[in-house]
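Visitor: Residue-level listing of the chains:
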Amino acid sequence: MKFLNHLTLGQYVPADSVVHSLDPRVKITGTILLLAGVFLVGHPVSFLLWGAVCLLLAAGSRLPFGMVLGTVRPVILLIVFTSVIHLFFTAGEPVFSWKIVTVTREGIDMALRMGLRLFLLVLFAGMLTLTTSPTELSDGIEKLCSPVARLGFPAHELAMMMTIALRFIPTLLDETDRIMKAQIARGADLDRGGLLKRLRAFIPVLVPLFVIVFQRADDLATAMEARNYRGGAGRTRMRPLRWSLKDSLALATVMLLVALCVWLDRSWMV
Amino acid sequence: MSIEVNQLTHIYHPGTPLETKAVDGVSVTVDRGEWVSVVGHTGSGKSTLAQHLNGLLFPDSGSVFVDGLQVHPKSRHIRQVRQKVGLVFQYPEQQLFEETVYREIAFGPRNWGLEENEVPLRVRRAMEMVGLESDLETASPFRLSGGQKRRVAIASVLAFRPAYLVLDEPTAGLDSFGRKDLKKLLKDLQADGLGIILITHDLELALEVSDSLLVLKNGRQIIRGEPRLVMEEAIDRNLGGLVLPAMVRFMMKLRELGHDVPLTWDPAEAAEAIQLESSR
Amino acid sequence: MTDGCLAELQDVSYTYPGAVKPAIKEINLEIRKGEWLAVLGANGSGKSTFAKHLNALLTPSQGDCFVNGLSTGTEEGQREARREVAMVFQNPENQIVAAVVDEDVAFGPENMGLPSCEIEKRVKWALGVAGLEDLARRPSYALSGGQKQRLAVAGAIAMKPPCIVLDEASSMLDPQGREELMDLLFKLRDEGLTLVTITHRLEEVERCDRCAVMENGEIMWTGSPSDLFRQGEDLKKWGLEPPVMVKEWLLLREKGIVPAGTGPTERELIEALCP
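Sequence order for the protein chains is A, B and C.
Note that this note's numbering numbers the first sequence so that position 192 is 192, with each residue one more than the last.
Note that this note's numbering numbers the second sequence so that position 10 is 10, with each residue one more than the last.
Note that this note's numbering numbers the third sequence so that position 90 is 90, with each residue one more than the last.
What the hints contain is simulated information worked out from the structure, not anything from laboratory work.
Watch out, some of these pointers could steer you wrong.
[Claimed, not checked] Below, computed lysine to any residue pairings styled on SDA-like, alpha-carbon distance capped at 25 Å:
id : chain 1 : residue 1 : chain 2 : residue 2
1  : C       : LYS237    : B       : LEU205
2  : B       : LYS184    : B       : ASP135
3  : A       : LYS181    : B       : THR100
4  : A       : LYS181    : B       : VAL119
5  : B       : LYS253    : B       : ARG280
6  : C       : LYS255    : B       : LEU257
7  : C       : LYS121    : A       : ARG230
8  : C       : LYS187    : B       : GLY241
9  : C       : LYS255    : B       : MET252
10 : C       : LYS237    : B       : THR171
11 : C       : LYS33     : C       : GLY4
12 : C       : LYS237    : B       : ASP175
13 : C       : LYS187    : C       : ASP209
14 : A       : LYS143    : C       : CYS117
15 : B       : LYS183    : C       : ALA42
16 : B       : LYS187    : C       : GLY239
17 : C       : LYS236    : B       : VAL209
18 : A       : LYS181    : A       : LEU199
19 : C       : LYS21     : A       : ASP219
20 : A       : LYS143    : C       : ARG137
21 : C       : LYS236    : B       : ASP266
22 : B       : LYS217    : B       : THR16
23 : C       : LYS247    : B       : ALA246
24 : C       : LYS187    : C       : ARG137
25 : B       : LYS253    : C       : GLN176
26 : A       : LYS143    : C       : LEU114
27 : C       : LYS121    : A       : ALA233
28 : C       : LYS187    : C       : PRO161
29 : A       : LYS181    : B       : ASP202
Can you make the complete structure from the sequences, with help from the hints?
Guide: Here you go:
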């Protein structure tokens, strides 16, 4: 019953694939590089190339492409909205004009570019969370931040916070649903009225959620303490991150790919 | 005047690989002043069924009528239905949010447009019904004990004067005295004319208090009728995780060993029957 | 502290910060190695507060708590307590840390700094004991209440403590979940673990070695489960409900249908009625 919810949020889907088995540090760094690559190009063919890369990645993770596309669904409105803003508010050579509304050639350009960039951004980020479990992700981030951790940056604590927050997302969704239903059953009107009215109507949902969350924090801290948790010092891992040749190759490939795409794009744009 | 459920079916996630029939062809009628219990294992569909009774969920096929009003997404009477059928969820104290007990209990009636000058009396009456002292009106609900919080939550539903009361596992987490108090409260409400619908996995409790029971398994109703009938039918069947009352199992063992005794869940009745049989 | 004694409370009182009166008063109790002790009482009797002293989540305001001879007031004693005594709490949801089942079982051993191959072995073993091997890679939120509590127990035994304390662990479970949990406890008992269960349900104490009843922060009575059942109607004054079979036993004895010496269990009643 609760499964479909968490699927569309790009939560981890276990599978036996090359991408799944890569070290999370590679995947995190690789994703950042890919995102940089996406934002550094402007030529339409470059975007096609990136789309192809995405398809390849999906194949390499043994995930149906439909599932990968599904990660965009929650933010599709945001992407469209951003594109529209660029469409109507970019200065330049007017192509079409009606009263106060002007659409410029540069505007169409920017709208398409930003739209595609955001679309690809969400796809690549979604692939990261689909193929990497929350624990792996937080381990990866913690390891990547370890140089800064030595200078006092709370890398472990942040990673632990992230793991716990991700783990409780489905639980919180269920609880929100339950509380909303309980308040509707008492006559609360959560789906009618203007913006202000609806915001106020959500207090009977937000307050109980806060209470639940604070109680949870207390209980969880006690349970963690009882299980010998004492922060990051001295903690080992059941599945420690082990860098292998495969990971180096993967990272090198991504770096080359990004460099190549940016170079090609430069030459096409001229 | 009754709740009528006819061949109700509800499907979750239709058209996806996760499609499930949570409720499959269930029918039941509850009259005012009648106590009907819906018993089943976790996942048997009983909570899904309950949420149709006050229009939180709508049937995929079949029908639900409350006092003649149909529960249907396009119905203009849904708010009326929700006022007629009070639904108390499991661990209802989790829904508390107001600054004072008074405001929490007034929340429901106010949502249905009760005249402001009538609210104080309504709140007081609801608090009396659940056994809360009137000086708790100004207390913060968050500072009360677990048992008191639950009473506030139930009072907040009684305050909008529903004609039927649906309760989902109301005894969850209560100790034996809490259970006893709750049973008494519900019996009093039934005597006042409310239709009571109890949703539970506690077969023993349901047998003790109901006029009739409905046993669900995997969304389907497998037994329906008066407690004694349900008891007789239940012993030979796999109820999917429901536990037969210890007393009944004891009487079954006596029967197996040749004693002619009724299958009852009541210790006093059992003792009398055993005494009667041994004197013969 | 005598040999064979795992933990001992001597004159322990505890007052929560900001509270007016102590939650537990002058508690004297010993936990013997290998025994199954049940601590019963109504809500507010202080049984949870007592339980939390056993693994040094709380340290006494007055008096002393010893685990294997070391006082939990010292750092050494605290570490000993955490090693020797693991805890399982009431809310199945709020004690699971990781998103995946086997990762959660690994949490305790990871905190103990064990090498990764040892952790993997322990996790596999613990999941097997708890009957959760097939669910090892499942998301933890998708488990039923009973499965979640079994997961919590697996996480506890993975740390290989000689003693586990369960604080109202079955209160929020449905009958099936309770049965699953009790079956697991019977298994652990047979393996020689020391168990302390905190509960208000008398149905759960039949197989225990010893029971202690608490009321208003004090221990009112200790003895065997069958002696506890024989207290009959007195149980009500402690806020405990006699199980239905005990009620039947009282009635049958009263009516003279069974001889006075019969015990309050189903088995003994059947024996008396069908010689």
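Visitor: If you check each hint against the structure, which ones fail?
Guide: none
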